[in-house]
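Q: Given next are the chains, with one letter for each unit.
There are 2 protein chains.
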Amino acid sequence: MALTDLQDADNLESKLREIAPDSPSAVTLELIKGAAAIPPRPDEDRSLLNLLPGLNADQFQTAQQLRNTLRAQIQECVLAPSQSQDRLKRLRGKMAELQIDGFIVPLNDEFHGEAAPACSERLKWLTGFTGSAGVAAVLKDQAAIFVDGRYTLQVQTEVDTTLFEPRHVSEEPLKEWLKSNMSAGETLAIDPWLHTKSNVDMLQALSTDSELTLLSVEENLIDSIWIDRPSPPLGMVVPQTLPYAGEVSSAKRTRIAATLAERNIDASVHTLPDVIAWLLNIRGTDLPCTPFALGFALLHQDATVDLFVDLRKSSTELVEHLGNSVRLHSREAFGAELDKLAEQNVLIDPSVTSQWILNRLESSGSKVLFGEDPCLLPKATKNEIEIDGTRKAHIRDGAAVSKFLHWLSKNAEKGDLDEMAAESQLRRYRESGENFRDLSFPTISGAGPNGAIVHYRATEKSNRKLTPGNLYLVDSGAQYLDGTTDITRTVAIGTPSEEMRHRFTLVLKGHIALAKAIFPKGTTGTQLDTLARAPLWSEGLDYDHGTGHGVGSYLSVHEGPQRISKAPSSVALVPGMILSNEPGYYKTDAYGIRIENLVTVREIASPEGAERTMYGFETLTFAPIDLSLIDLNMLTDAEKNWLDNYHSEVWEKISPQLDGEVKDWLEEATGAVS
Amino acid sequence: MALTDLQDADNLESKLREIAPDSPSAVTLELIKGAAAIPPRPDEDRSLLNLLPGLNADQFQTAQQLRNTLRAQIQECVLAPSQSQDRLKRLRGKMAELQIDGFIVPLNDEFHGEAAPACSERLKWLTGFTGSAGVAAVLKDQAAIFVDGRYTLQVQTEVDTTLFEPRHVSEEPLKEWLKSNMSAGETLAIDPWLHTKSNVDMLQALSTDSELTLLSVEENLIDSIWIDRPSPPLGMVVPQTLPYAGEVSSAKRTRIAATLAERNIDASVHTLPDVIAWLLNIRGTDLPCTPFALGFALLHQDATVDLFVDLRKSSTELVEHLGNSVRLHSREAFGAELDKLAEQNVLIDPSVTSQWILNRLESSGSKVLFGEDPCLLPKATKNEIEIDGTRKAHIRDGAAVSKFLHWLSKNAEKGDLDEMAAESQLRRYRESGENFRDLSFPTISGAGPNGAIVHYRATEKSNRKLTPGNLYLVDSGAQYLDGTTDITRTVAIGTPSEEMRHRFTLVLKGHIALAKAIFPKGTTGTQLDTLARAPLWSEGLDYDHGTGHGVGSYLSVHEGPQRISKAPSSVALVPGMILSNEPGYYKTDAYGIRIENLVTVREIASPEGAERTMYGFETLTFAPIDLSLIDLNMLTDAEKNWLDNYHSEVWEKISPQLDGEVKDWLEEATGAVS
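Protein sequence lines correspond, in order, to chains A and B.
First residue of the first sequence: 191, per this note's numbering; consecutive thereafter.
First residue of the second sequence: 191, per this note's numbering; consecutive thereafter.
Warning: the hint list may mix true and false statements.
It does not matter which identical chain is used: a pair holds within one copy or between any two.
Straight-line alpha carbon distances no greater than 35 Å define the calculated DSBU-like cross-link-like pairs of lysine-lysine that follow [what the hints assert, rightly or not]: (1) Lys369 x Lys557; (2) Lys279 x Lys651; (3) Lys830 x Lys365; (4) Lys530 x Lys853.
Source of the hints: derived by calculation from the structure; they are not laboratory data.
From just these sequences and the hints, can you work out the full model?
A: Rendered as structure tokens:
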């Protein structure tokens, strides 16, 4: 079915009748649009079946075709970047109609998570910008888009800068721009669903200083002019069963509710998708790379939960799994349920909760308390079953990566492989593994100078060949039902230069120092970050990203509150947390190096004479580190021992999954250096 | 003159007439009481002369005697701990009279600095507690004293615990105690001079929750019942001249005022004694070990300052030094000058400014802005002249310490030296040095198990002998006109055990790792702290204090915002900051080890190929590190090199100040190990 087929209304109508003869076509269309809004995944047909049960094979095939066509339409037409001028004009028309002088268009949606579904890609729809962080401000005669240092080049190629003036968000912040370009008496409007309290506080202070009126609109101005706006995704919500979750939801709810009771809090509001997934042991398919079901939840002091999701995403299996203590509501019922918290002490996390929710609670007479979401730390502290699942997922993932590295070793030196082909090949190896659900983030497949772009993503335009004498950096991961992986390997294509080997070995020394670290209970990631950088520092080098982020258990590949970075943190690392260990080195326009394994914090059998409870890291990721890039003269004996032990573990865990040529290759790739 | 002589009023009267026949005796007595309140220092007679100019030799001697007698009285009678019961009874009488049900007695004074003069030692006067941090709460029938982990033992010996229930301040906080022990409707009173905003916010929240009335009293209840309360010290205020300060006050005032103008701030309030001393290039003698002149200052956007001090502390020299842009006022004029800031934007640092000041500003209509004192970072970033003065002060100090270490090496093994005798001997070597003004803090002179008490202070009761087979830890420093020193050395008396040598070498490895650190611009002390701990961590050991504190330039030996510690900090280290490098190891009831040098941050000639601006530390402290405590097998070649280079610098800088036996000893003590 081609896109043009859908423009023929009769044709579309007949397809919908074919799929569900007894339902109104409009209802069926909405369901299929909801299915089309689900990012493609191996298990996507389950959601379609859940939405349209009882189809025969022909009907199902038609439904699939229609879904796929609508999905292509979302990407190719709805989010087409070329229409910025017309869209901006329509937005300004709407602003004039409502007597609004300025409107802010953030990138995030109302859940304030890392990604948003197509229906919430308002910034992309308006400006064409595809980065992962940004905000636009539209005034009557001017508009600007604010991005961080990662995107200052990209914004120039994606956005029509005659329409949107590009600005560096920290050097020329939104606040200053609004201050300079709006006049006293003007009205600045926001959608209160898309701004958190701290954000609104900043805008409120600006409005007071500059004598502006800050207005919260009831309907987002973009939504009111976005005629073909995609539907919200209707990904089926499924239980994450006990063999993977390791703790039943009622136990989790009870222990979090107990912490609320201790603090005299009656209820807490949860909007972070991974928190809701963890608390209720559910997973969804609303977003790419992260198994989230978008919705809201209220946890009460009695350990019951009100869950608000589009009910079309539910199933009998889900209702049974949730049980009596979790009341399922439609999204529309959320406001009315918040009103019922009048007179109660209600906890919200001001850094992730929409101002809309705060306004609603305050206007209905709740006493709002601010604090970090109380699920964050328990979620980050995985139980032994989650850790065990993660170990297993990594062993399968390591086999896929090893097969890929072998494939590279055979094919890359010819010089005709490109980044996108390599990325696809790696995906194929992963997809064939047990429990594979999705990638955990878009693969970074960077050859030569593209490897130096920390958040690189290969496109048709940027796609480079892997050629001898260059480095290839591949940072990738997958979502398995039993765990989430994230690994970076840097590979020499042909013979690397002495400088490349020198820099790679410095990065490796940092990686090893962190992997081997022994530290007392109470230590934070800020304290450990230095260990990974010190070898680079001693040569006057460094890297401009954190050393480690938290990783979920079949949840987000980036999670807090644990991290290893220069930024001050008071979060102590505790056993069960999963983090990445990924120091790097980047030479602009030349090459990038990063060595990333995931690790989990464990209490260690203390050294003899130890006086403190000591922790260390267990490495979870198993795939060879390119020996041709290591200058052994730069390693101490202890570092060589670590490398040999690591490689022998790789061999032990991965080789049973391989045979023939690949296995032989792995044996050599994991050979001892000392 | 004995204390009893003063009890004879006629005798006192005749002495006062003898000193100043033409002045009313009451005025003269107040001046001498003000001089008596100055802590003893080599230059203390200058203050007496400034207060009582034109005395002949006999009169001056009488004045000195009277001062010394009154001073002894302050220590022996006024602050006598045995009278707690009576004092507490009188306080409760006063509370009843004013219908107050609870009163809080903090340790700090209205300047919220590290130390307070005798007239402000209200907590000590009431309870007998002599620690450096604590607070008491007195209710109608109960009272409690809250101290931190350092003082839980000490409080038991110093305080009558039948009167004041001792509590651990973080495990059983003041707030919880008040909550449990006060009832709705009761009145809790505070002296708003002694509480900062954050403190009052906490008490206000408690009062709201528990339905208490929070009352700010006009006169401190202790003061109203403390009949023989000492006078505030009248230490002469003297200019810190350009050859030591390195930058004229007008230049400092102009650059700080420019930062106020940038932020649209009309004036800033300064109450930290070291900030005022730095900003105006003045020093005083109101407190022990720190050359402060207690007072308040207002800096205006036009770079002028209003300074509020007791005018009897001034002199013609000071008035000339301050010039026309610094208006000198009495302390009493402070409130009225604050009132003149009505309608202005006024900056206060909420963590160090009394609630009284905030109340006054708000009630007179100022717009109060909260932020860190803008002088802190400029003060911490010493200029080249200050650094050069500090280098010179350390070279003299190193000679004094070396003489002391030699004296120890000759005398300690006999086993009859004690901690207090050693402390006095070290002080004598320092006092004979050029520009010596005072110690920079009370010396920590700890033999054997006393060395394991991090904030130990030898008393008649605790005084231990230095005996063979034990370690002796001495942490001491001095104030010189050109710089402030702070050094810790741990010395083996006789032959140390293998364990002692093992632990000492681990601490040394940490000290060296920090001393040698190379780090990029932007790095904080939190990031570097780990380098000093890692060798101990690898053996399951650690120490429970920070690795480094900021140090002033002939100012406080403890200053912020720079520090090297586990605690999260966002303050980047910048060239010119002075910090201590003092890892340690403590074995309770056995021994303590600490190796402390001061260092200053410098930009370093980058290693070849460096891509970043890199900083490192220049060591300022020069005195031998005990070679008998080092297990050379545990040191890498690079560490041995550092030690040899350090010791050859010690020899080079210190030996020209020594001769004979001491010089020979230094040559051996600084001999190469590799």
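Q: Each of the hints needs a verdict: does it hold here or not?
A: Checked hints:
In the homo-oligomer, the alpha carbons of Lys369 and Lys557 lie at most 35 Å apart both inside one protomer (33 Å) and across protomers (21 Å), since each shortest distance falls under that limit. In this assembly of identical chains, the alpha carbons of Lys279 and Lys651 lie at most 35 Å apart only when taken from the same copy (29 Å versus 85 Å across copies). In this assembly of identical chains, Lys830 and Lys365 lie within 35 Å of each other by CA distance neither inside one copy nor across copies; the values are 52 Å within and 54 Å between. When the C-alpha separation of Lys530 and Lys853 is checked against a cutoff of 35 Å, the pair qualifies neither within a copy, at 62 Å, nor between copies, at 83 Å.
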